[in-house]
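Residue 31 in UniProt numbering is what sits at position 31 of the sequence shown, and the numbering runs on without skipping anything.
Each hint should be verified, as a subset may be incorrect.
Have a look at the derived ranges for each label pair, beta carbon to beta carbon [claimed, not checked]:
#  : residue 1 : residue 2 : range
1  : E16       : R66       : 31 to 37 Å
2  : E98       : I48       : 21 to 27 Å
3  : A40       : E16       : 34 to 40 Å
4  : A17       : Q100      : 18 to 24 Å
5  : S92       : P53       : 19 to 25 Å
6  : D11       : A41       : 30 to 36 Å
7  : R50       : I19       : 22 to 28 Å
8  : V90       : R18       : 16 to 22 Å
9  : S92       : A40       : 27 to 33 Å
10 : R18       : R50       : 17 to 23 Å
11 : E89       : Q34       : 31 to 37 Å
12 : Q34       : P88       : 28 to 34 Å
13 : D11       : T47       : 31 to 37 Å
Don't read these hints as lab results, they were simulated from the structure. Glycine included, each C-beta is placed from N, C-alpha and C at the ideal position.
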Amino acid sequence: MHMTTPIARLDVEQAEARIAWVTQARCREVDPDQLFVRGAAQRKAATICRHCPVLMQCGADALDNRVEFGVWGGMTERQRRALLKQHPEVESWSDFFESQRHHQPAM
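Using the sequences and the hints given, assemble the complete structure.
In structure tokens form, the structure reads like this:
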């Protein structure tokens with residue numbers, strides 16, 4: 001008999017949630033070499049993300065997992081490093097982005 005621990009169940013739930021947003025990403029059909037570029041080419045690569053429906057989830061995932069390379073969530077490596085440095089207290093970037101979204105003034 002196989003018992004599922006709360007940690008294993010959480011890992012499965014996190015994996016399922018990640019798969020759900022990844023399948024909606026605009027870049028899923030883009031050559032990965034276009035997203036894993038260096039320097040100024042990263043800003044051009046980030047334009048692929050511009051109208052992506054899962055921009056926030058992608059960026060939060062990259063920040064939560066300290067992904068160092070490539071463009072994720074429309075952010076370059078430098079932009080992600082800056083956010084991590086500016087906000088070392090953040091434990092969940094998804095929660096952080098959601099709270100920021102609610103604090104933006106309406107136009």
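Using the Cβ atoms, figure out if S92 sits within 19 to 25 Å of P53.
-> Because 20 Å falls inside the window, the suggested range holds.
Check the following: the C-beta atoms of R50 and I19 are separated by a distance inside 22 to 28 Å.
-> holds, 23 Å
Whether the CB-CB distance between E98 and I48 falls inside 21 to 27 Å | holds, 23 Å
Return holds or violated for the Cβ distance of E16 and R66 against the range 31 to 37 Å.
-> Given about 22 Å between the Cβ atoms, the range is violated.
Distance restraint evaluation - E89, Q34, Cβ atoms, bounds 31 to 37 Å = holds, 33 Å
Distance restraint hint 27 to 33 Å, applied to the beta-carbon atoms of S92 and A40 = holds, 31 Å
Whether the CB-CB distance between A40 and E16 falls inside 34 to 40 Å = holds, 37 Å
Starting from the hint 28 to 34 Å, judge whether the C-beta atoms of Q34 and P88 obey it.
-> holds, 31 Å
Hint check for R50 and R18 - Cβ pair distance inside 17 to 23 Å | holds, 22 Å
Outcome for the supplied range 16 to 22 Å, where the beta carbon pair is V90 and R18 = For R18 against V90, whose Cβ atoms are near 18 Å apart, the range 16 to 22 Å holds.
Cβ-Cβ distance between A17 and Q100: within 18 to 24 Å?
-> holds, 20 Å
Measuring from beta carbon to beta carbon, are D11 and A41 in 30 to 36 Å?
-> Distance hint for D11, A41 holds at roughly 35 Å.
Against the hints set out earlier in the document, a violation occurs for number 1 only.
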